[in-house]
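There are 2 protein chains.
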Amino acid sequence: MARRIAIVEDDPAIRANYADALKKHGFEVAAYGARAEALAAMKIRLPDLAIIDIGLGSDVDGGFALCRDLRALSAALPIIFLTARDSDFDVVSGLRLGADDYLTKDVSLPHLIARIAALFRRAELAGEAGSGEDQVERGALSIDLKRFTVRWQGALVPLTLTEFWMVHALAKFPGHVKDREQLMSEANLVVDDSTITSHVKRIRRKFAAVDAEFDRIETAYGMGYRWKA
Amino acid sequence: MARRIAIVEDDPAIRANYADALKKHGFEVAAYGARAEALAAMKIRLPDLAIIDIGLGSDVDGGFALCRDLRALSAALPIIFLTARDSDFDVVSGLRLGADDYLTKDVSLPHLIARIAALFRRAELAGEAGSGEDQVERGALSIDLKRFTVRWQGALVPLTLTEFWMVHALAKFPGHVKDREQLMSEANLVVDDSTITSHVKRIRRKFAAVDAEFDRIETAYGMGYRWKA
DNA sequence: GGCAATTGTGGCAATCCGGTGGCAGGGCCC
DNA sequence: GGGCCCTGCCACCGGATTGCCACAATTGCC
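Chains as they are written, first to last, in our numbering: chain S, 7 to 235; chain P, 7 to 235.
Calculated from the structure, these hints are not laboratory results. Among these hints, one or two may not hold up.
Which copy is meant is left open, so a pair is good if it fits within one copy or across any two.
[What the hints assert, rightly or not] With a straight-line cut-off of 20 Å between C-alpha atoms, the simulated EDC-like cross-links for lysine to aspartate or glutamate are:
#	residue 1	residue 2
1	LYS207	ASP140
2	LYS152	GLU224
3	LYS178	GLU143
4	LYS234	GLU130
5	LYS212	ASP54
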């Protein structure tokens, strides 16, 4: 199965150029010209790697914002900035936002491919160690990590991203207690303890809307929460 | 616990320079001037990240060889080439050898740090999922550190957090007497001695509710308590 | 057996923790 | 701009947990 790479670049010529080159290297390519379009598409289905430009049309820093959004979608998604901007400031900012690499547009194609390959190599290491699955099934619960959907007894539970990650964190190891800090880090958050409580409240409510009997999220007093098997 | 970074660079001045800068950023640094020396040291103890120059003294491609050797030692070790050579050919070769990043020596320090941080971030993703189950088994007693559950003869004993840690502290070393202070510190408490007595009382009661014959928590008069094997 | 020190017991009050409703700020879309 | 959604947080409440005390029971020692 070919790797899917998403390219976000506003210049149509450059975009087509890169898309072509990557396709020739055996990658599947999805190309987008604008931030909102790209984000919407990736929310439906995550690519295996994203290459994004920083300046997107009138949105001068659109790529930065997109990177942040994508990082929220997935902590593991490899992200490469590919842009004309070569100031140190931009590089550091980009990397701090969670990108894995930062390249300027003067890199040769072989160079770009080598960077992509290196990133895939590393991403794969993570996949082997962890649960590289993009689908989690726990009885009546099923989680689709690429589409960010959760089903309970077959019915779709409309969770927000934060809620999605929290459910994922809990259900990944049924029965294991996750304290609030662990839940935060798995959802890429740094918030107040009470906020976690709020999220759990909302998650429970959403599951209950689908199944009034729902009670799989158990509170472990003073310890955290656990997904009851 | 600070991250350990290994630097392999033949020029003593540059080496000291980078080593200093990284130390200032809170990393632990091990610096080496030659390939053999570096490899020998890392065989004994792998760093958390390696930064290597390509040209090492008379050994023009020594860095490449070292990278290959290190990759053989560990597929997961993050490796960065930091060198004066900026030809595309070298970059591609370096990355193909298994390096994660390739930087030229004109990068600023903030840029280098950002690259290092990005790599650590990604490497951490891999490490997370690996840790296996933590379980303590002592005859009829079984403690699950991940689930925060205690079973006696297979039956669940509903302990509170404080009680859980106290049972854990006692059962970890069966037969060893733990005085009240030790029990407090293992449960992260600072309380009156009599309070420990109360906790033991409640723990015994909860075990007795499961098994009327329960008598494994022994009082060592004047010394503390011990888990009877 | 007598005595002081130590531990067990029941119970109560203070505290901690989580659940709930609600609200405000920020972002996004129309 | 207006409306909507998501998110973070707070105040309040009820219940679980915890700390401690007075008093009874036990222990070690003479």
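Going down the list of hints, with the structure as the test:
Taking the shortest Cα distances, LYS207 and ASP140 never come within 20 Å of each other, neither inside one copy (26 Å) nor across copies (29 Å). In the homo-oligomer, the alpha carbons of LYS152 and GLU224 lie at most 20 Å apart only across protomers (14 Å), although the nearest pairing inside one protomer, at 26 Å, exceeds that limit. Taking CA atoms no more than 20 Å apart as the test, LYS178 paired with GLU143 passes inside one copy only; the shortest distance there is 9 Å, against 24 Å between copies. In this assembly of identical chains, LYS234 and GLU130 lie within 20 Å of each other by CA distance neither inside one copy nor across copies; the values are 31 Å within and 28 Å between.
Taking CA atoms no more than 20 Å apart as the test, LYS212 paired with ASP54 passes in neither setting, with 30 Å inside one copy and 42 Å between copies.
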